[in-house]
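Produce the complete structure using the sequences and hints provided.
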Amino acid sequence: MANNASSPAIDSSAVRSFSQPQQHALLAATAVSSICGLAIELLLGTLTSYLVGNAALSYGVAVGGFLAAMGLGSHLSRRIARRTIDPRQEQTDLLTAFVKLELAIAPLSALLPIALFAVFVANGPIWIGLALVTLILGTLAGLEIPILTRLLEPQTNVRNAIAGVLAIDYLGALVGSLLFPILLLPTIGLFPSAAVVGALPAAMVVWISQKFTPLRRWRSWGAIVCLGLCLFAPLTVPLSNRLENKLYSAPIISRIQTPYQRIVLTRRNKDLRLFLDGDLQFSSLDEYRYTKRWFIPPSALAKRPNKCCCSVLETD
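Here the sequence shown stands for residues 27 to 342, numbered as in the numbering used here.
Keep in mind that the hints were calculated from the coordinates and are not lab data. Cβ atoms here follow ideal geometry from the backbone N, Cα and C, with glycine treated the same way. There's no promise every hint is true.
If you anchor each label on the Cβ, the simulated ranges turn out as follows [what the hints assert, rightly or not]: (1) Val78 - Arg243: 40 to 46 Å; (2) Val201 - Ala94: 47 to 53 Å; (3) Val78 - Trp233: 37 to 43 Å; (4) Asp297 - Leu83: 29 to 35 Å; (5) Asn149 - Pro240: 45 to 51 Å; (6) Ala82 - Ser43: 47 to 53 Å; (7) Ile208 - Leu102: 29 to 35 Å; (8) Ile279 - Arg104: 52 to 58 Å; (9) Ala94 - Gln236: 32 to 38 Å; (10) Asp312 - Ala82: 37 to 43 Å; (11) Asn183 - Asn149: 51 to 57 Å; (12) Leu204 - Ala144: 26 to 32 Å; (13) Pro285 - His50: 43 to 49 Å; (14) Asn183 - Pro285: 41 to 47 Å.
Rendered as structure tokens:
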């Protein structure tokens with residue numbers, strides 16, 4: 027049987043042994059990667075459904091496209107730090123590749139959603155934009171788990187490495203799927219949430235760089251990116267507000283993000299309008315239409331409608 031010379035087997039005795047804290051750091055990185063991935067999927071689906079109004083299609087493209095892109099990223103991960111004669115060098119290359127990957131995901135997670143919003147405001151191809159955003163972020167996210175699995179594999183074995191990484195990955199997915207809609211979105215809003223989610227991979231770079239000596243030089247880069255995104259988070263509010271103002275024909279006088287929907291009030295002269303997730307719900311110019319529907323049926327059934335109206339007014 028011919029040997030495959032391009033992929034020599036790794037001598038497990040020559041592999042650098044990770045300490046328990048180092049292994050825990052890699053597993054924690056798995057959780058953070060999963061949390062960020064799920065949060066970004068939900069964020070993109072929420073943003074697109076707000077813009078186009080089709081929630082089912084928006085989440086379908088955002089989540090489905092992200093997962094498909096993760097499959098592409100997993101396939102491409104084979105080209106990162108190919109097996110060499112020196113297993114220690116391969117470990118260092120994998121660690122460095124993972125850190126660089128996190129430093130790329132961090133700013134893109136914060137900037138691409140607001141760029142997608144700008145595309146819609148400019149009447150650009152929103153679905154093509156969503157597909158490109160999910161392709162970029164999903165492909166990068168798909169590289170993370172294979173790299174972490176390859177790092178942990180020599181420390182135990184393939185079976186334990188895969189089981190441990192996937193268990194943490196699925197748990198992180200649960201946390202991310204709850205963190206965004208329950209805490210981040212109603213508390214700080216859509217685009218600040220993107221910046222906060224993007225800061226998490228950068229913070230993970232700082233922590234991992236402290237655990238692994240070959241990565242010490244990347245610690246400052248992680249800190250700079252993390253701090254920059256934290257400072258950028260509040261700036262996304264006026265930026266997104268300026269973009270949102272262009273979506274409405276009248277000045278916005280109030281905007282509120284609830285756990286359930288985006289509420290916007292506009293006013294031009296005597297016309298006060300209420301929008302929910304971008305859809306018109308009420309206009310003061312045709313208020314009489316709503317009032318008639320509420321007032322005429324009960325007054326027609328009343329024996330003394332005039333007395334009924336007076337009592338209602340006195341009560342109010």
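A quick look at each hint next to the structure:
1. Val78 - Arg243: 40 to 46 Å: With a Cβ separation near 44 Å, Val78 and Arg243 satisfy 40 to 46 Å, so the hint holds.
2. Val201 - Ala94: 47 to 53 Å: For Val201 and Ala94 the Cβ distance comes to about 23 Å; the hint is violated.
3. Val78 - Trp233: 37 to 43 Å: holds, 38 Å
4. Asp297 - Leu83: 29 to 35 Å: holds, 31 Å
5. Asn149 - Pro240: 45 to 51 Å: At 48 Å between Cβs, range holds.
6. Ala82 - Ser43: 47 to 53 Å: holds, 50 Å
7. Ile208 - Leu102: 29 to 35 Å: The hinted range 29 to 35 Å holds for Ile208 and Leu102, with Cβ atoms some 34 Å apart.
8. Ile279 - Arg104: 52 to 58 Å: holds, 55 Å
9. Ala94 - Gln236: 32 to 38 Å: holds, 35 Å
10. Asp312 - Ala82: 37 to 43 Å: For Asp312 and Ala82 the Cβ distance comes to about 30 Å; the hint is violated.
11. Asn183 - Asn149: 51 to 57 Å: holds, 55 Å
12. Leu204 - Ala144: 26 to 32 Å: holds, 29 Å
13. Pro285 - His50: 43 to 49 Å: Violated - the Cβ-Cβ distance for Pro285 and His50, about 33 Å, lies outside 43 to 49 Å.
14. Asn183 - Pro285: 41 to 47 Å: With Cβ atoms ~44 Å apart, the hint holds.
Of the hints listed earlier, those the structure fails to meet are numbers 2, 10 and 13, in rising order.
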